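Undergrad: What follows is each chain in one-letter form.
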Amino acid sequence: MSERRASSNLRINFTVNGEKRAIDAPPMKRLLDVLREDLHLTGTKEGCGEGECGSCSVRMNGELVNSCLVPVLQAEAASIETVEGLGKAEKLHPIQRAFLECGGAQCGICTPGMLMATSQLLAMNPHPTIDEIREGLAGNLCRCTGFKRIFDSVVAAVAELDAPAKTGGAHAR
Amino acid sequence: MRGNAEAHELIAPGSLAGVLELMAEAPGEWTPIAGGTEIMVAHAAARLHEKKLVNLWGLNELRFIESGDDSIAIGAGATFRDLRAHAGVQSGAPLLAKAATWIGSIANQSRATIGGNLANGSPAADSSPALLVYDAEVELISVRGRRRIAYSSFHTGYKRNAMTPDELMYAVHVPLRFVKHKQYLRKVGTRRAMAISKVALAGTALLEGSTVSEIRLAAASLAPFPARLYKTEAALLGRPLGLLAIREGQEALMEEAKPIDDIRSTAAYRSRVASNLLGEFLSELLPAEVRR
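Which chain is which? The protein sequence lines are Y and V, in order.
Here this note's numbering is used: the first residue of the first sequence is 1, the next is one more, and so on.
Here this note's numbering is used: the first residue of the second sequence is 1, the next is one more, and so on.
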């Protein structure tokens, strides 16, 4: 297909994991590709590329989105959170620890999306029922675990996030 | 094959007036994109033919929900997350709030807008059956002004609608007078989340004694666009509701439905399931002693 170049690059200013970033990209470039290629944040994975599997889930202005369906122009001035912003290898977020401990991750492709969907769910609803957990993660497909261990991981994360509050300690969610 | 981002123009005038001026200058040339849950999917598969896109996402002028005395005004840019979370929608238009929870996943609901759902015009659109049985109106806007039409006359054919090339959808108005009606909505798909419906049926009805004094029925995926089932309604209106009337209503539906065979289901299955859904709705309206 011969496609003429219809768009020139646009300067996009946004915040990614708390840091102000500026990139130049075609306005229809997918946020997913900007994160991975321009910002080298390769934690966000591409699965289906059409909004069905949730592997590319990130948070944009406090809402869960599929980054494969966001043209980067629409991320102008937005605050984006990716899995890299959730925790670091040396300081895992309780949700990440729970997924490790409960076997919620196997091949790992769906995991960053699962973590971000869980993070969104618990931000909206800190004590979800099992049905609410299932609904919150319904847009994230996993072909390894059979989901049971993922739901167990979320339950464990809720318990761990609750624990410091019970002992009076402050905990950043 | 992936779409090429550089082959598409996407601009953001930044205001509703700016978008409308652009659309008036070159009617039909610019394709609006809001949450991108339709257009970006086509783009990913390299089958997005529209080369010139104009951004609606982030226009606060289109993203509102206002509860009035007689109706709720829903901005075309309201997302399905907005709809399902809104107390006025939950109480005044519960079928719409319910449909909003079915659309895709949380990530899709936080991006997909009601205006996009209707303007895209899929025969399987999730919000449509509820809006049809509520007698909703859609408000269209252009530089020439605004106009309101019945939502039931909005779709004119498969993926065709009553908007002129310079118009955008501005709002959907949902009357509140149906809160006293019996209401029904059920979608049948391959799984609860994400699946596009094989068939969906909505209904609102009012009974005086056992007589059906008002009834509205609408379906997704029984016709080239979401539509009321006027003939089925006529078979039931004014009749005492009983097992015979229900059976005849179901027969009228089987006659009226014009579904197709496609990748998601077959015509025969869709008609049969829609008829069963109608049976379920009407049976709920029977007095308990007649039900079994």
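Simulated from the structure, these hints should not be mistaken for lab results.
Each hint should be verified, as a subset may be incorrect.
To give an idea of the interface, some chain V residues facing chain Y are shown, with a C-beta separation under 7 Å as derived from the structure [as the list claims (entries may be wrong)]: (1) Ala12; (2) Gly14; (3) Trp57; (4) Leu59; (5) Arg63; (6) Ser105; (7) Glu139.
Computed from a predicted structure; not experimentally measured.
From the three backbone atoms N, C-alpha and C, an ideal C-beta is built for every residue, glycine too.
Undergrad: Next step is simple, just say for each hint if it's right about the structure.
TA: Structure-based check of all given hints:
1. Ala12: holds (6 Å)
2. Gly14: violated (10 Å)
3. Trp57: holds (5 Å)
4. Leu59: Because about 11 Å separates V:Leu59 from the closest Cβ in chain Y, which is outside the 7 Å limit, the hint is violated.
5. Arg63: violated (12 Å)
6. Ser105: Status holds, d = 2 Å.
7. Glu139: Check failed: Cβ of V:Glu139 comes no nearer than 24 Å to chain Y, outside 7 Å.
Checked against the numbered hints given earlier, the structure breaks hints 2, 4, 5 and 7 and satisfies all the rest.
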